[in-house]
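Chemist: Sequence:
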Amino acid sequence: MPAIVNLLFNVISTNTTISFRAVLPMFSLVSLLVGVGGHLLLWLVLVRNPRSRSKPSSVLLLNLSLADLGALLTLPCVLLSASFLDWQLGGGTCVLLGFMTSVTAGVEIFSLAALSVLRYRIVAPWTRPPANLTKVFCSVVIIWLVSVTMALPKVTYINFDGGCTWAVSRDEWLFFLVPAFLVYYVAPLLCIAVNCGLIISHLHGCRRTLAADRRNKKATALLIASTLVFALSWLPYYALEFVNVMSPHVSSVASPIRRVNGRKLTSTLSPSYLSFSSPEPTETTQIRVSLLWEVASLSAILLVCFAPCWNPPLYFLLSSPAVRQLRALLPSFFHKHFRKKPVQRWRIAPVPPPPAPPCLPHPQLSAPTLSHQTLTHRLTQLR
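Residue numbers (my numbering): 185 to 567.
20 Å max Cα-Cα, derived DMTMM-like pairs, lysine to aspartate or glutamate: (1) K338 to D355; (2) K338 to E356; (3) K239 to D397.
By construction, these hints were calculated from the structure, which means they are not laboratory data.
I would like the entire structure built from these sequences, with the hints used as guidance.
Modeler: Rendered as structure tokens:
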């Protein structure tokens with residue numbers, strides 16, 4: 185992937201209509217605070233619970249969260265660069281930042297692809313036995329090695345001459361951009377789409393218990409939501425990069441080096457028409473930026489800045505056990521003020537039997553009175 189540092193820091197150095205100096209620090213600070221807080225809560229829930237910590241899927245989720253934290257830690261550079269309207273952090277930080285953005289993006293999407301494979305093996309265990317922790321840790325190591333290996337060649341082309349730019353030709357830029365787009369974007373998304381399709385078809389065809397079906401559906405929904413967030417966040421960035429390379433009317437510091445009248449010509453990430461006040465090589469280049477391209481650039485930047493913030497909310501939204509564990513870890517103050525009130529449940533009682541009629545006293549039979557004549561008559565009959 186081309187170093188995102190070009191998009192983040194060089195776009196703000198142009199005389200633009202939108203105040204990047206005011207917009208970028210504000211959104212970067214919000215993304216930093218929200219993202220770091222959410223990922224810390226995610227680590228707290230997954231690491232404190234021994235049962236969650238021992239799951240292979242939790243290892244991949246923690247690896248994904250670690251990549252997001254690495255991407256979030258680059259945002260203070262956005263704050264400083266937007267404040268100074270220039271790169272003031274030196275060449276070493278420029279190279280390190282380009283390296284970090286490339287590595288973290290690779291680790292994130294490769295972790296999602298590995299998680300999709302793991303979910304399918306959990307749902308359909310007869311295809312292959314579910315992966316154990318050893319295999320998952322080996323997969324994590326391979327993910328980091330591949331991401332670092334793909335990031336190293338690109339870092340060697342970063343040129344620091346007071347600004348943080350890439351000194352590459354058009355052919356070299358395409359040599360980086362096309363494989364990065366295929367390896368970092370297209371191939372992992374195809375892998376995730378195939379595995380999610382297999383998981384969904386299996387869940388519809390094989391019925392298990394109600395609790396197992398609900399758990400598998402929520403895990404699959406979390407995987408699909410995280411993948412969609414990644415795809416939608418990075419697609420505008422790749423689109424702008426391809427427009428930079430392919431369009432003859434677009435030039436940028438992040439674009440391949442162009443020469444006009446024998447002079448090296450660079451500008452920020454914005455389609456512009458170049459007007460020279462004088463044909464002499466010593467004159468400076470005046471750049472006019474279209475508002476449409478400013479909006480597109482700003483949208484791409486903000487989507488990339490907020491991309492690492494979405495996974496913790498999605499995880500807590502789709503995982504009821506994680507929410508219960510988080511509530512158990514919160515202090516008593518939060519329990520008192522933010523705990524949900526118990527819902528009063530109404531039950532329809534059966535119709536009571538009709539009341540018994542009042543008990544009336546039974547009529548008492550009066551004993552017959554025997555007169556003297558009646559008694560004499562009975563004694564006569566007995567004789």
